[in-house]
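What follows is each chain in one-letter form.
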Amino acid sequence: KKNVSSGFWPNFTHIILIRIWPAVAVGNVGQLAVDLVVSTLNMSRVGYFHTDCLIPMAGNNPYASCKDDTEELHTPAEVYTAAELKLAVLQIRAPILQTRSKRFRQQLVSWIKASGFSRTVVLSSSHAYQRDDQQLTPLRYLITPSLLTTSADALKELSWREMERMPAFPGVKDADAEPRLCIPGGGITKGLYTDSCAEDLPLAVLLLFCSEGDNIPDAFALVNHLNDWLHLLDGQVTLKYHFSCESAEFKRDMQVFKLYLYIFIYFFPDFSYQSQEPNRKWKVPSSWSLLFGSGIPPALF
Amino acid sequence: PRVEQQSSSQSLPFIPLLFPRAVHLHWSPDVTELLRSGNKLQCSSFILAVGHNAASFLSAYVLASANWDAAGRALAWNERSRSGAGRSGEESACVFYRHKDEPSVLICNVTCHIAEDQLFEWTEKVFDCLQSRELAVTVLSDRSVADYKTPDYLCSSSAPFLRSLHSSAFADRPVCPSLEQPNIITGLPAAVLNHCQVHRIAAVVYQCYSDVAGPDSVTVESYKPVLNKLGRSIQVNSPPSTDVLRKFLRSAEIQSNLYI
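Residue numbers (the numbering used here), protein chains in the order written: chain X, 2 to 302; chain B, 3 to 262.
Read the hints as simulated data drawn from the structure, not as lab findings. Please note that a few of the clues may not be correct.
[What the hints assert, rightly or not] Derived SDA-like pairs: lysine to any residue, alpha-carbon spacing no greater than 25 Å straight-line:
(1) X:Lys68 to B:Tyr155
(2) X:Lys68 to B:Pro176
(3) B:Lys231 to B:Ala66
(4) X:Lys87 to X:Pro286
(5) B:Lys127 to X:Glu79
(6) B:Lys127 to X:Lys68
(7) X:Lys68 to B:Ala66
Please work from the sequences and hints to get the whole structure.
Structure below.
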């Protein structure tokens with residue numbers, strides 16, 4: 002049962018996120034990345050994805066910027082839009098009930114079809130500890146045949162790597178077993194991708210290999226890669242160092258440090274947060290506070 | 003509770019076996035008759051208590067006045083249900099009460115665990131029976147203070163305390179501060195609030211964060227500020243005596259004497 006109007010967004014790009022499994026307290030990379038998109042672009046909520054497939058939760062406005070809009074109730078799955086960018090975003094905040102993941106995928110696919118989005122991008126992640134030797138760079142993409150026809154050039158320019166197919170039985174030389182798509186920890190990502198291929202939907206998956214923990218840097222990395230393709234902002238995230246020290250020696254040391262940093266970034270571009278030109282930053286929402294629990298009791302010391 | 007339970011089962015006997023986790027509503031005969039004729043329960047105020055302390059509060063301060071009829075019960079079997087004689091013979095822990103003089107006021111005490119996959123169904127089935135125009139929903143919910151996140155460490159003297167969360171259609175002022183970021187609510191209060199938000203029903207959840215795990219009189223009394231908002235039609239009892247409170251706060255964990 003959905004309470005979101007359909008057939009209403011032709012020419013819109015639709016971004017949705019997928020959670021990594023299992024649910025983690027710090028949140029998931031796709032979810033965090035979508036938080037950054039919604040928060041930075043100041044997107045407005047236009048509907049609820051009211052479904053029995055998600056664990057219920059509720060809270061006040063996670064993107065509140067001033068006192069007036071703090072007390073606004075938000076539900077587990079909501080749709081936000083930025084009309085000027087022809088962008089719609091589905092944010093999913095709660096785990097999918099294990100016995101209902103197929104049904105949830107079907108609901109998503111039918112909603113995407115009914116809404117008529119020109120393309121759909123799924124933000125996801127996969128366990129970093131279950132990679133093959135060829136998968137040591139973090140970013141991967143998947144694309145359905147119908148979206149490949151329009152986006153092939155852009156992807157070639159971005160030099161992204163397509164998610165590799167893995168042998169079914171690693172190490173066993175079995176001619177019969179075909180390599181297959183495997184996204185451990187990706188939740189419904191693989192199912193959603195294969196369903197979209199079957200339904201001929203223009204859908205792409207952007208995923209990052211990561212581990213559980215503080216996934217904020219992963220979220221920034223994923224959203225920057227997304228921005229490279231969709232140009233949601235003017236540029237990328239800058240990692241700025243503000244030096245207030247006046248000492249000449251300190252400034253010289255910092256310049257040497259910066260030189261080494263640039264060399265490091267040159268050889269390891271996937272770790273780069275460097276920007277090319279002045280730009281807007283991604284805005285971190287207020288709901289990201291206290292990701293690791295409450296303040297520390299002073300009696301501990 | 004002093005009121006007698008009258009109920010009749012609407013469902014066929016073998017359905018619980020086919021779908022053991024399905025939620026079943028059993029209403030009293032007059033309510034069953036009303037629903038069967040295609041009407042919905044006229045309801046202006048629905049008050050839901052989730053948890054032992056919330057339910058004890060309503061039982062001691064509101065239901066003890068004997069102006070209430072048992073209107074029905076909800077059964078939701080799951081792996082945490084304690085059944086004596088099997089699923090159908092279990093004492094129901096979701097009981098509905100209707101005010102005798104003001105039948106549009108409905109109270110429900112929920113003291114059992116409703117599993118994550120049953121929450122949506124419970125909410126939809128109950129609200130399907132209620133007419134939603136001019137409906138106001140109030141939910142009282144128990145929670146451990148360990149789930150409350152705050153930048154300044156809370157010392158134990160600040161608990162128990164109330165926090166509120168309300169739907170966009172709720173126009174009144176809550177009796178306590180709003181739940182701060184990044185805290186959220188889960189479980190049945192969240193399912194009810196989501197339903198009300200999507201269907202534009204005025205609803206407010208009062209969550210009580212307590213440092214005591216089980217039934218506790220101090221936690222029960224912390225819900226008192228809500229009494230003024232429960233509707234003019236509900237006559238609130240003068241503060242119940244200790245004996246009355248003690249009756250409702252019998253410990254559920256007699257065998258656990260780890261912390262005496």
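| query | Regarding the pair Lys68 (chain X) and Tyr155 (chain B), is the alpha-carbon distance no greater than 25 Å? | reply | Measuring from Cα to Cα gives roughly 23 Å; hence the hint holds.
| said: Lys68 (chain X) and Ala66 (chain B) were given as a pair; does the straight-line alpha-carbon distance stay at or below 25 Å? | reply: Outside the cut-off at roughly 41 Å; violated.
| field | Proposed proximity, Ala66 (chain B) with Lys231 (chain B) (alpha carbon, max 25 Å) | value | Judged against 25 Å, a Cα distance of about 18 Å means the pair holds.
| query | Keeping to a limit of 25 Å between CA atoms, is the pair of Lys87 (chain X) and Pro286 (chain X) held or broken? | reply | Within the cut-off at roughly 22 Å; holds.
| task | Verify the proposed pairing of Lys68 (chain X) with Pro176 (chain B), using a straight-line Cα cut of 25 Å. | result | holds, 16 Å
| Pair hint Lys127 (chain B) and Lys68 (chain X), alpha-carbon separation not exceeding 25 Å | Violated, at about 36 Å.
| task | Please work out if Lys127 (chain B) and Glu79 (chain X) have their alpha carbons no farther apart than 25 Å. | result | At roughly 23 Å apart (the allowed maximum being 25 Å), Glu79 (chain X) and Lys127 (chain B) satisfy the hint.
When each numbered hint is compared with the structure, violations occur for hints 6 and 7.
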